[in-house]
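Asker: If you want the building blocks of each chain, they are given just below.
Protein chains: 2
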Amino acid sequence: MNKPILPVSPSRGPSDHEVRAQIVDAAMEYFSRYGYEKTTVSDLAKEIGFSKAYIYKFFDSKQAIGEVICANRLAAMIAAASESVADAHSATEKFRRMFKALLASGNQLFFQDRKLYDIAAVAAAAPWPSVKGYEEQIRQLLAEIVRLGRETGEFERKTPLDEAVNAIFLVMKPYFNPLLLQHNLDSAEEATAQLTSLVLRSLAP
Amino acid sequence: MNKPILPVSPSRGPSDHEVRAQIVDAAMEYFSRYGYEKTTVSDLAKEIGFSKAYIYKFFDSKQAIGEVICANRLAAMIAAASESVADAHSATEKFRRMFKALLASGNQLFFQDRKLYDIAAVAAAAPWPSVKGYEEQIRQLLAEIVRLGRETGEFERKTPLDEAVNAIFLVMKPYFNPLLLQHNLDSAEEATAQLTSLVLRSLAP
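If you're matching them up, the sequences are chains A and B in order. If you use numbering that gives the first Met the number 0, the first sequence corresponds to residues 0 to 204, in order. If you use numbering that gives the first Met the number 0, the second sequence corresponds to residues 0 to 204, in order.
These aren't lab readings, by the way, just hints derived from the structure by calculation. Hints should not be assumed to be uniformly reliable.
Identical copies carry no separate label here, and so any pair may be met within one copy or between two of them.
To be verified - Each computed DSS-like pair below joins lysine-lysine, with the alpha-carbon atoms no more than 25 angstroms apart:
1) Lys-114 / Lys-131
2) Lys-131 / Lys-99
3) Lys-172 / Lys-131
4) Lys-45 / Lys-56
5) Lys-99 / Lys-172
6) Lys-45 / Lys-61
7) Lys-99 / Lys-114
8) Lys-61 / Lys-114
9) Lys-51 / Lys-61
10) Lys-114 / Lys-45
Given the structure is predicted, the values throughout are model-derived calculations rather than measurements.
Could you put together the complete structure from these sequences and hints?
Answerer: Below you can see the structure in the form of C-alpha cells.
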C-alpha cells in the first residue's frame, strides 16, 4: 500500500468520507490478497498505517468494512443487470438478458475476483443486509419485467404477480446468490439457458 | 456397540455379506454420533472390535463405507418418492407428489439424522457415485412423469423431452440435493409449492 499515512486526529485532514473510502480501498486489496476470513482488523490497521482504534472510529467491525465492499460489488452487479435490460424491446428479451447478466457477474466474481467472491459467500451465508438488499433489487427488477410482459400481452396474467415473481426468483437464485453459485457452476450457462426457456414457457399466456 | 466381536479369520464364521453389513451398521451408528468427517477407520475398528486390516479386507476406505450408507439412504429416498407417485391418477398429481416426497425425505435427513445428512452433503459435494445414481433416478422418474403427461395431453409436447426434463430437474435440484438443501431450508415448503406451480404452468399445453 503506497497511500499516505493519515494523522490520527487531523485538524484539517481528509473528510470522514475520504477516510472511510481509504479504509475500504485498502481492505479490498488486502482481502483480495489474503482472504476475508483470515484477515483481522489489526492486520488491516498495520497495512494502512492506522491505529486499530482509529479504524474502529469509522467501522464497528471487520464485517462492517466487508459489508461496504460487498454492497459496492453487488450494486455494480445490479447496475450491470439493469443496464443490460434497459434497451431490450420486449419483456421476454429483458428477462433473458437479466438472467444472463446476473450469471455473467457471478462468474466474473467467482473466477476473476475469487477472494471477493469469498466475502460475498460469507455475506450470503449470514445473510448480511447488503445481500438482502441485492436480492430485493433483483426481485424488483424481475417484478418490473413481469409487469411489463403482462401489459404487452407477452405473459399470462392469471397467476398472482407476487407468486409468479417469487417463483422465478427462486428458479434463478442458485445462479445469482454467491453462496449457491459455487455449487452450480457446472454447465451453468446451459443450465440458465434451459431455465430461461422453462420460465418463459411458464409465463406464456 | 453390543454386537459380538467376530474372530479375525473365522473358519466357519459369518459370510462376507454379513461382515460387510455389520461394519456398515456399526459405521452408521458411529458416524451418527461423531460425524463422518471426524471418524477414522481406526476409530471404527476399535469400536467394532475388528482390526483395521480386517475392515480393509471388506472396504477400501472410509469413503467406501460412507458410500454404502449414503447409497442405502438415497435408495430409500427414491423408493419413498416412487411410492408416493405410484397411485396418483394424473401426471400433474404425480409431479406434485414427487417434489413433495423428495423435500420431505431431505428434511427428515437434515433435521432428524443430521450426522447422516453430513455424509450425504460430503457425498454430494464430491459427488460420489451414489449421489450421481440418485440424481439419475430422479431424472428418470421425472422423465416418466413428463412422458405420461404428454401422452395424456396434460403437458405440452413442443419442447424436446430431454430439455424439458433437465430444466425441471434443475428447478428441483436445490431441494433434493443434500449439499444444496441446507442453503434452501428457509420456507422450503412454500418455495417448492410455488416452484411446483411454476413448473406445471411451464408444462401446460
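Asker: Hint by hint, note whether the structure agrees.
Answerer: Now for the hints, and whether the structure bears them out:
1. With identical chains, the CA atoms of Lys-114 and Lys-131 are at most 25 angstroms apart within one copy only, with a shortest distance of 20 angstroms there and 30 angstroms across copies.
2. Taking the closest pair of Cα atoms, Lys-131 and Lys-99 come within 25 angstroms of each other only inside a single copy of the chain (21 angstroms); across copies the shortest separation is 27 angstroms, beyond that limit.
3. In the homo-oligomer, the alpha carbons of Lys-172 and Lys-131 lie at most 25 angstroms apart both inside one protomer (12 angstroms) and across protomers (23 angstroms), since each shortest distance falls under that limit.
4. Taking CA atoms no more than 25 angstroms apart as the test, Lys-45 paired with Lys-56 passes inside one copy only; the shortest distance there is 16 angstroms, against 55 angstroms between copies.
5. For the homomeric pair Lys-99 and Lys-172, the shortest alpha-carbon distances inside one copy (13 angstroms) and between copies (20 angstroms) are both at most 25 angstroms.
6. For the homomeric pair Lys-45 and Lys-61, the shortest alpha-carbon distance inside one copy (14 angstroms) is at most 25 angstroms, but the shortest distance between copies (45 angstroms) is not.
7. Taking the shortest alpha-carbon separations for Lys-99 and Lys-114, only the intra-copy value of 23 angstroms comes in at or below 25 angstroms, while the best inter-copy value is 37 angstroms.
8. Only within a single protomer do Lys-61 and Lys-114 lie at most 25 angstroms apart by alpha-carbon distance; the minimum there is 15 angstroms, versus 32 angstroms between protomers.
9. For the identical chains of this complex, Lys-51 and Lys-61 are intra-copy neighbours only, at 11 angstroms inside a copy versus 46 angstroms across copies, given an alpha-carbon limit of 25 angstroms.
10. Taking CA atoms no more than 25 angstroms apart as the test, Lys-114 paired with Lys-45 passes inside one copy only; the shortest distance there is 20 angstroms, against 42 angstroms between copies.
This entry satisfies every hint, going by the numbered hints stated previously.
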